[in-house]
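Visitor: Residues 1 to 239 (the numbering used here) are what the sequence shown spells out, left to right.
Careful: at least some of the hints might be erroneous.
Think about it this way: if two alpha-carbon atoms lie no more than 16 Å apart in a straight line, the pair counts; the simulated EDC-like pairs of lysine to aspartate or glutamate are [claimed, not checked]:
(1) Lys-135 to Asp-71
(2) Lys-224 to Glu-208
(3) Lys-135 to Glu-75
(4) Lys-226 to Asp-177
(5) Lys-135 to Glu-84
(6) Lys-226 to Asp-205
(7) Lys-224 to Glu-182
(8) Lys-224 to Asp-205
(9) Lys-226 to Glu-215
(10) Lys-226 to Asp-145
(11) Lys-224 to Asp-145
Derived from the structure by calculation, the hints contain no laboratory data.
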Amino acid sequence: MARGRRRRGFLANVVVPLVGGTAITVAAIVAFAVSSGVPILGPGSGARTADLPRAAIERFVPETVGPPDRDVTPEGVTPGPRVEGRLTRVLPEPRSTAGPREPETQFRRVVVLDGGRFRAIQDRTPVLVRLFGIKAPGFRDVCTDQNGAEWKCGARARAELARLIRNRSVACVIVDDTNPVEPLGRCRVGVYDLSEWMVRYGWADPAEGAGPTLEEAAAEARRKQKGRFGPAPLGVIAG
């Protein structure tokens, strides 16, 4: 009988206040989070620190914090730089609102035909891809420099495009596939847009309506006498 009274006393004096206090604390936290518009972080919530409203972060996270009180670098690990003074908080970058990238077609083992076209095999079918937004000289075209010397600018334009591509794959966003075996594409190799590169170095001209980027690149090529706008290079004199 005495043991039963002691057990009921333990439950009433210890367990019930502990459980009740925890429940009240959790309820208060949830109510505060809901009223503040702050998502509750926890397993399965799908929320991350980056999802928190910037106003909530600025309100509850200090602008600056002090340096670490002690060095906790494990033995055998090079410690980081010594911090003097307070550290300034850096807010997370806002999420990008840019849409998905346009789908690209990969062309491997291309053969450059001239300054504006290359040939490749796609799905076992030969295709001839034309570079969007430019007018390039044909392979047999001849240019005349400021001194009246004629030179094979078309052959040099093809050589420059082939040198840029080398043995790398070409990625293109097809903008016109009315003729599927001769599509028109905005193409790149790595970070280099092929059309812009050819215009910027004087090996092609912007097509009508190509846009300000290519127009500015063409003006720069003329001003700096690059490519076809410069003197005839050695070794490609027409004859």
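Visitor: So, for every hint listed, does it hold in this structure?
Guide: Status of each hint after checking the structure:
1. Lys-135 to Asp-71: violated, 64 Å
2. Lys-224 to Glu-208: violated, 22 Å
3. Lys-135 to Glu-75: violated, 64 Å
4. Lys-226 to Asp-177: With Cα atoms ~32 Å apart, Lys-226 and Asp-177 exceed 16 Å; violated.
5. Lys-135 to Glu-84: At roughly 59 Å apart (the allowed maximum being 16 Å), Glu-84 and Lys-135 break the hint.
6. Lys-226 to Asp-205: Holds. Lys-226 to Asp-205 sits at ~12 Å (cutoff 16 Å).
7. Lys-224 to Glu-182: Violated. Lys-224 to Glu-182 sits at ~34 Å, over the 16 Å cutoff.
8. Lys-224 to Asp-205: Distance ~15 Å between Lys-224 and Asp-205 Cα, so the pair holds.
9. Lys-226 to Glu-215: Holds: Lys-226 and Glu-215 sit about 15 Å apart, inside 16 Å.
10. Lys-226 to Asp-145: holds, 11 Å
11. Lys-224 to Asp-145: holds, 14 Å
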